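Student: Next come the chains, spelled out residue by residue.
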Amino acid sequence: MARPRHVVGYDEPGRRAILLGNEAAARGAIEAGVQVVAGYPGTPSSEVIETLSLVAKDFDMHVEWSINETVAFNVASGAAIVGARSMATMKNAGTNWVMDMFATLVYTGVRGGFVIYSADDPEAFYSSTEQDTRHLAKAVGTLILEPMDQQENKDLVKVGFDYSEKFEMPVFVRTITRINHSSGDVEFGPIRKERNKVAFDRHWKLPWRWNVYGPFKYKGKAGPTAKHAWQLEQLEKIKEFVNEVPFNKLIPGETDLGIIASGIGYAYLSDALRKLGAVGKPWILKLATPYPLPEKLVSELLENVKKVFVIEEGDPFVEEQLYAFMKENHPEIPIYGKTKNQLLLRYGELGFAQVVNAVAKYLGVKAPEVPEERRKIKAEISKIVAPRSSALCPGCQHLGTYWGLRFALLKISAELRRQGVKGVWIVNGDIGCYEQGGYGIFAKPIKAEATTESKLWPFNNPYEILDTNYIMGGGIGLAQGEFQAGYRDGPIVAVAGDSTFFHATMTALANAVYNKAAFTFIVMDNAWTAMTGHQPSPTSGVTATLEPSKVFKIEDVARSLGVEHIWTVDPYDLKATEKAIYEAIKTSWEKKTVTLVVARRECALQVVRRLLRTGGLPEIYYVDEDKCVGCTLCVQLGCPAVGFDKEKKKAWIDPVLCVGCGMCAQTCPVNAIHPKTKEGR
Amino acid sequence: MARDEYYLMVAGIGGQGTVLLSRIIGDAALMKGYHVRIGETFGAAMRGGSVHSHIRIGREVLSPLLLEDEADALLAIEPLEGLRRAVVYLKPGGVAVLNTRKVYPIDVNFGVARYPKIEEIIDAFNKLGAVFVYGDFTDLAEKAGTARATNVAVLGAYARLIEGTDAPFDKETLIEAVKGRVPSKWIEANLKAFESGYKLADEQLKK
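Protein chains in written order, with numbering that gives the first Met the number 0: chain P, 0 to 680; chain L, 0 to 206.
Excised from the complex, chain P in its bound form:
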């Protein structure tokens, strides 16, 4: 057998390797003998499936990028019902998508071990919210495991399968950006060689096991209510069990101060105590099961302390359970944390610095401080540190689509104003690279007012083009709602990428056509799920494991969903893009119908990478300074490679960043931008 393509596949128990948290999770699944893994790309969860897809063949597992998290969750559930060990991966937002099945699956439980890997994003580094998904798993009532570091990210995924089979319940692993996207040395365990037998019995252990509506009778009830009673019994068994889980630990201290530290909270605490010279001082309950709480361990802690401080990432989730538990047990002991006796902020990432300071305060010891004089020096230096804003990439085709959209909107708006319409457009954004159209990286401070009339806000770059932005697939629904509410002050537009199109907009598109809405939908098809790291999507022609597959055409899907007016355009052709979008908006406005523009070109990063790999170099462009009139139109394209020299009043092109797309040359009214010859590079 050839060596696996990733170290996580090496059958070398005892080996220590530096792994990304998500790679460690992949190793945990391999060690557990996982058979089916499904997910949708979402930072910070994506590397689990990316890693597993490299070794899927070595371990005879099915690994897939599903169209969305709901489908992924159902695929993994089906695998677990026939006895396979299965896993579904998702980011926090994706966990919202799986809730319907998650809440129902716990009524029947599972046969094969089922691990739900949910990656939260405190500080919202890559997400629309800081949502703490532990609430969701508690709401449905199942075991939550919360790792403290990369080693536990592996270990807890691994034991998650065992625990899941022990209680016949899905197990929820709640992990976070700071673990998923950090690396640490991880010690490998043995790889389970045997595979769960795949078999089906409709009455496995319980009558009508896999059908919530089956005539199952239990505790005087029937159907779903009977199953609910069964589930609650399982939860009681889990409540007892968590006192025995070896990843929960009660560590005695020298003082009467107690600390409960969940997940990464313990890692920060452990490092903070060394920093503060306070090792051994507090009593500590290290927690890996934030739900259910190990009540025996908590009680033992409370017997020994006068105060208790809860350190956890996200909401005061453990803390609030503690308030409920302590109403009957030691109500006299005050609780410190994120609510009443606040030592930690409820928003933002927990972070090491915050924990060091809070623990110092709680224990009454001195925290490390930066002297005032040095603070002043730093403040002075900070003034010259220029920002480096996140932007679309050089040569990104979305720049062309947004350029076309901007000028199409200006043109339509002017025409509408001549007809007595206000001409105030609404552009509804969505989730993907193109969401940067709403980052406003050059935006001036805004004075917001409570107005009653529609108002047009001018902008001159693609980073301020999006008016609304929320969630995957949200924009198209908003567009319909704005229209159905009677918004007629200007055109309504929604944008989405190709992966988002399949994830969440197909049903919304059918809904809009069926309910006779009118707006323009622009799908920016770059053939990959680009923002999360170029995972394959239904437009890529390959699966997660790079097997050739069908290439879905968005126009065909849309046509079958009832869309009658469709334009396809290459966003690198700025004039054609503007024209297509203009016609689509005009048609939608006049015919009161849904129109679609597909702006199609493969992601420039992928194209350039392929070119470089084969030893090629992209053509690059330069500005002829003699011709440049300093109008800044090319800069308004928003490409990071196009700059403007304020002193010379001339545009310039960064030869390191330019990938030769030629879009800036098309924006130039005086033809001052030209490609260099290969020799002139």
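One thing to keep in mind: the hints can contain errors.
Once the Cα atoms are required to be at most 30 Å apart in a straight line, the calculated BS3-like pairs of lysine-lysine come out as [claimed, not checked]:
#: 1; chain 1: P; residue 1: Lys626; chain 2: L; residue 2: Lys116
#: 2; chain 1: P; residue 1: Lys280; chain 2: L; residue 2: Lys184
#: 3; chain 1: L; residue 1: Lys116; chain 2: P; residue 2: Lys443
#: 4; chain 1: L; residue 1: Lys90; chain 2: P; residue 2: Lys375
#: 5; chain 1: L; residue 1: Lys90; chain 2: P; residue 2: Lys382
#: 6; chain 1: L; residue 1: Lys90; chain 2: P; residue 2: Lys274
#: 7; chain 1: L; residue 1: Lys126; chain 2: P; residue 2: Lys382
#: 8; chain 1: L; residue 1: Lys206; chain 2: L; residue 2: Lys101
#: 9; chain 1: L; residue 1: Lys116; chain 2: P; residue 2: Lys377
#: 10; chain 1: L; residue 1: Lys101; chain 2: P; residue 2: Lys648
#: 11; chain 1: L; residue 1: Lys126; chain 2: P; residue 2: Lys274
#: 12; chain 1: L; residue 1: Lys142; chain 2: P; residue 2: Lys675
#: 13; chain 1: L; residue 1: Lys116; chain 2: P; residue 2: Lys675
#: 14; chain 1: L; residue 1: Lys116; chain 2: P; residue 2: Lys382
#: 15; chain 1: P; residue 1: Lys377; chain 2: L; residue 2: Lys206
#: 16; chain 1: L; residue 1: Lys101; chain 2: P; residue 2: Lys649
#: 17; chain 1: P; residue 1: Lys365; chain 2: L; residue 2: Lys126
#: 18; chain 1: L; residue 1: Lys90; chain 2: P; residue 2: Lys377
#: 19; chain 1: L; residue 1: Lys101; chain 2: P; residue 2: Lys647
#: 20; chain 1: P; residue 1: Lys56; chain 2: L; residue 2: Lys184
#: 21; chain 1: L; residue 1: Lys126; chain 2: P; residue 2: Lys648
#: 22; chain 1: L; residue 1: Lys116; chain 2: P; residue 2: Lys645
#: 23; chain 1: L; residue 1: Lys116; chain 2: P; residue 2: Lys649
#: 24; chain 1: P; residue 1: Lys365; chain 2: L; residue 2: Lys90
#: 25; chain 1: L; residue 1: Lys178; chain 2: P; residue 2: Lys56
#: 26; chain 1: L; residue 1: Lys126; chain 2: P; residue 2: Lys375
#: 27; chain 1: P; residue 1: Lys274; chain 2: L; residue 2: Lys31
#: 28; chain 1: L; residue 1: Lys90; chain 2: P; residue 2: Lys360
#: 29; chain 1: P; residue 1: Lys675; chain 2: L; residue 2: Lys101
#: 30; chain 1: L; residue 1: Lys101; chain 2: P; residue 2: Lys443
#: 31; chain 1: P; residue 1: Lys626; chain 2: L; residue 2: Lys31
#: 32; chain 1: L; residue 1: Lys101; chain 2: P; residue 2: Lys382
#: 33; chain 1: L; residue 1: Lys101; chain 2: P; residue 2: Lys375
#: 34; chain 1: L; residue 1: Lys101; chain 2: P; residue 2: Lys645
#: 35; chain 1: L; residue 1: Lys184; chain 2: P; residue 2: Lys377
#: 36; chain 1: P; residue 1: Lys377; chain 2: L; residue 2: Lys205
#: 37; chain 1: P; residue 1: Lys375; chain 2: L; residue 2: Lys116
#: 38; chain 1: P; residue 1: Lys377; chain 2: L; residue 2: Lys142
Hints listed in this document are in silico derivations from the structure and should not be mistaken for laboratory results. In this text the structure is predicted, and so the values were computed from the model without any measurement.
Starting from the structure of chain P, add chain L where the hints point.
Tutor: Positioned in the frame of chain P, the structure of chain L alone reads:
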């Protein structure tokens, strides 16, 4: 005698090999029997964003972030990014390597921000109390065969800076770690870049 705990920061932008460099350093620490935690910010999957790695090396470390003024060393693959992290994390007397090859942020290109002069950055490093060397490490890497080895050229300079200090690894370990991470066809160029970086630091320290 090597320290029980040691902290580094690597600063650069997406595509410069910041993450690879931090893994090389992590491997070197692992070879010396330490635990390692590396906190990374990826700047999504896109190119050109600010990327930095917090590296905690120690006998017991569990968490991946550094405190203000805690970094014993800073490896800056891009000057502005080096300054951005030095001003927060580099401790007084900490060692640093500063690549002077600029990559302009879109904010500067768009004309809404100013890129500080290299002299200003060097002045700031002095004011922060850094023990540092600087130079065009991208140029060294290009001469060694590939600009992609810039990160390893910076590492070479760092290997010289830590000679005779209580850092938890040495030049030989760092070279072993480079060999373990770099694709075989690029090892020669990387080792050459490493030596050029080392030499540059050596010459600067002698002055």
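Student: Next step is simple, just say for each hint if it's right about the structure.
Tutor: Verification of the hints:
With a C-alpha separation of about 29 Å, the suggested pairing of Lys626/P with Lys116/L holds against the 30 Å cut-off. Restraint check for Lys280/P and Lys184/L: not satisfied, since their Cα atoms lie roughly 53 Å apart, outside the 30 Å limit. The straight-line distance between the Cα atoms of Lys116/L and Lys443/P is roughly 26 Å, inside the 30 Å bound, and the hint therefore holds. Distance check on the hinted pair: Lys90/L and Lys375/P sit about 15 Å apart at the alpha-carbon level, within 30 Å; holds.
Distance hint between Lys90/L and Lys382/P is fulfilled; the C-alpha atoms sit about 19 Å from each other, no more than 30 Å. A C-alpha spacing of about 15 Å is found between Lys90/L and Lys274/P, which places the hinted pair at or below 30 Å, so the restraint holds. A threshold of 30 Å between alpha carbons decides the hint, and for Lys126/L with Lys382/P the separation of about 14 Å falls inside it, so the pair holds. With a C-alpha separation of about 25 Å, the suggested pair Lys206/L and Lys101/L falls inside the 30 Å cut-off, and the hint holds.
A distance of roughly 17 Å separates the Cα atoms of Lys116/L and Lys377/P; the hinted pair therefore holds under the 30 Å criterion. Taking the CA atoms of Lys101/L and Lys648/P, the gap is about 22 Å. The hint holds against a cut of 30 Å. Using a Cα cut-off of 30 Å, the hinted pair Lys126/L and Lys274/P holds, with the two alpha carbons roughly 26 Å apart. Between Lys142/L and Lys675/P, the direct Cα distance comes to roughly 24 Å. Compliance with the 30 Å bound is thereby established for this hinted pair.
At most 30 Å may separate the alpha-carbon atoms for a hinted pair to count; Lys116/L and Lys675/P meet this at roughly 29 Å. With a C-alpha separation of about 13 Å, the suggested pairing of Lys116/L with Lys382/P holds against the 30 Å cut-off. Restraint check for Lys377/P and Lys206/L: the C-alpha separation of about 28 Å stays at or below 30 Å, so the hint holds. Distance check on the hinted pair: Lys101/L and Lys649/P sit about 20 Å apart at the alpha-carbon level, within 30 Å; holds.
Our distance criterion of 30 Å between C-alpha atoms is met by Lys365/P and Lys126/L, whose separation comes to about 27 Å. A threshold of 30 Å between alpha carbons decides the hint, and for Lys90/L with Lys377/P the separation of about 12 Å falls inside it, so the pair holds. For a cut-off of 30 Å, the pair hint linking Lys101/L to Lys647/P stands: about 20 Å separates their Cα positions. Simply put, Lys56/P and Lys184/L have alpha-carbon atoms about 27 Å apart, close enough for the 30 Å limit, and the pair holds.
Using a Cα cut-off of 30 Å, the hinted pair Lys126/L and Lys648/P is violated, with the two alpha carbons roughly 35 Å apart. Between Lys116/L and Lys645/P the alpha-carbon distance is near 16 Å, which keeps this suggested pair within the 30 Å criterion. For the proposed pair Lys116/L and Lys649/P, the alpha carbon gap of about 21 Å is at most 30 Å, so the pair holds. This hinted pair checks out: Lys365/P and Lys90/L have alpha carbons roughly 19 Å apart, not beyond 30 Å.
About 28 Å separates the Cα atoms of Lys178/L and Lys56/P, which keeps this hinted pair within 30 Å; it holds. For a cut-off of 30 Å, the pair hint linking Lys126/L to Lys375/P stands: about 11 Å separates their Cα positions. This hinted pair checks out: Lys274/P and Lys31/L have alpha carbons roughly 22 Å apart, not beyond 30 Å. Taking the CA atoms of Lys90/L and Lys360/P, the gap is near 23 Å; set against the 30 Å cutoff, the hint holds.
Distance hint between Lys675/P and Lys101/L is fulfilled; the C-alpha atoms sit about 22 Å from each other, no more than 30 Å. Under the criterion of a C-alpha separation no larger than 30 Å, the hint pairing Lys101/L with Lys443/P is consistent with the structure, at around 27 Å. With a C-alpha separation of about 60 Å, the suggested pairing of Lys626/P with Lys31/L is violated against the 30 Å cut-off. For the hint pairing Lys101/L with Lys382/P, the CA-to-CA distance comes to about 18 Å; that is within 30 Å, so the pair holds.
Distance hint between Lys101/L and Lys375/P is fulfilled; the C-alpha atoms sit about 27 Å from each other, no more than 30 Å. Between Lys101/L and Lys645/P the alpha-carbon distance is near 19 Å, which keeps this suggested pair within the 30 Å criterion. Under the criterion of a C-alpha separation no larger than 30 Å, the hint pairing Lys184/L with Lys377/P is inconsistent with the structure, at around 43 Å. At most 30 Å may separate the alpha-carbon atoms for a hinted pair to count; Lys377/P and Lys205/L meet this at roughly 29 Å.
At roughly 21 Å between alpha-carbon atoms, Lys375/P and Lys116/L fall within 30 Å of each other, so this suggested pair holds. A distance of roughly 36 Å separates the Cα atoms of Lys377/P and Lys142/L; the hinted pair therefore is violated under the 30 Å criterion.
The structure fails hints 2, 21, 31, 35 and 38 (numbered hints given earlier, in ascending order).
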